[in-house]
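Taken in order, these protein sequences are the chains called D and Y. Everything in the first sequence is counted per the working numbering, starting at 1 for the first residue and increasing by one. Everything in the second sequence is counted per the working numbering, starting at 1 for the first residue and increasing by one.
No lab work stands behind these hints: they were computed from the structure.
If chains are identical, the list can't say which one is meant, so a pair holds when it fits in one copy or spans any two.
Derived pair list, reagent style DSS-like, types lysine-lysine, alpha-carbon separation capped at 27 Å: (1) Lys-80 x Lys-151; (2) Lys-30 x Lys-176; (3) Lys-98 x Lys-172; (4) Lys-80 x Lys-172.
Number of protein chains: 2
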Amino acid sequence: MKKREYPLGKVYGLLEPGPVVLLTTEREGKANVMTLSWHLMLEFEPPLVGCVVSNRNYSFEILCETKECVINIPTIEIAKEVVACGNVSGRNQDKFKKYGLTSESSTCVKPPRIAECYANLECRVVDTRMVEGYCLFVMEVLKAWIDPKKKWPRTLHHRGYGEFMVAGRRLKVPSKMR
Amino acid sequence: MKKREYPLGKVYGLLEPGPVVLLTTEREGKANVMTLSWHLMLEFEPPLVGCVVSNRNYSFEILCETKECVINIPTIEIAKEVVACGNVSGRNQDKFKKYGLTSESSTCVKPPRIAECYANLECRVVDTRMVEGYCLFVMEVLKAWIDPKKKWPRTLHHRGYGEFMVAGRRLKVPSKMR
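So that you can see chain D by itself, here it is in the shape it has in the complex (with noise of 0.2 Å):
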C-alpha cells in the first residue's frame, strides 16, 4: 500500500486506542518483528511513547543494543501472521520470510518497516531507566507513515489468549480535550 508521511502531532490518535502493534528491529542487517500491545502514549509532540518489551523476547537485547525500533500498526487483514510473529522467536528464523511479510527501508532508523501494517512509525529509544524492574523503553517518534486510504482501520485489541477484539463504528461526542 501506497503511504504517506504523517503529521507527528496526530500520531497519538494511532496508539491511544490500544491496537496490538508489530515492532521491528534490526541488527548486523538482519531484522525481527515481535508482537505486543502493552504501550502508553507518554508525550503528543514530538511523540513519546513507552512500549514494555519482555527481556525473555529476542528483541529485548537488540533493542537495548541498538535502540532502534519501527513501531508497526496491523489490522484484521494479517491477523494470522500478528499472532504468528507472537508465537515464536526469531532468534533461529526469518519472521519476515516464514510469514510473507514485506520490509521497506526507514528513512531515520535501521528497522525495516512492514508494509502490510497500515501505518509505521520510526522510533529511537530515548530513556532506559525504566528498562530495569519494567522492560518500559521510552522512545520518540521521529518519523510517521499512514496509508491515506484507510480512514478506519479495523485494527486488533488483544483480551488475552489470542482473543481479539476489532475495531468497532466510530462514535463522535463534542469535547475540548484533545
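Fit chain Y to the known structure of chain D by using the hints.
The following block gives chain Y in isolation, referenced to the frame of chain D:
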C-alpha cells in the same frame, strides 16, 4: 449493576485493549473523577498498571498526596459523562453529582468505585520515579470487580478530539500467548 470480584491474574485483559478509563481519587472525604486513556499494563500478577495523570489535572495533586485511586472502565452507555468528566476540573465542583454518577465504597482504598462502570480496579501507587518527566504513576491493582453479565463490553477507545472507536466484534486466533 451487581458486581463480583474478578481474579487479579485476568485484569490485564481488561486494560490491554486500550479503553478510556475514569480515574477516581479522594481527599478529605471529597471524591473526584477524571478521564484518561494513556495507560498500559506493566505486569500480569500482581497486576501493575502505568497511568499518565497530567500535572495540569486536579487529580494529580490528590494522587501524589494520597497514593490511592480506582480505575473504572466505562462503556458506551455513559459516553457523554465520560467526555464531560474530561472537559471540566473537579477543583470547584462535584463531578459525581453534576453528571449523575453513583459512588460505591471500595474495600481496599478510600476513593470510590463508579457503579455505572462495568469494571473497577482498586489501586495503590507503588512507584513514582517516572512522575517527574512523564507524569507516569505505577499502580498495583489490589482488588478488581466486574459485572459478570457484561460478556462483551462496548468500551470506548479515544482517537482524539472526542472521536472514539467503539469496541467491535470478537476475533479468536489460536495462540500460545497469554
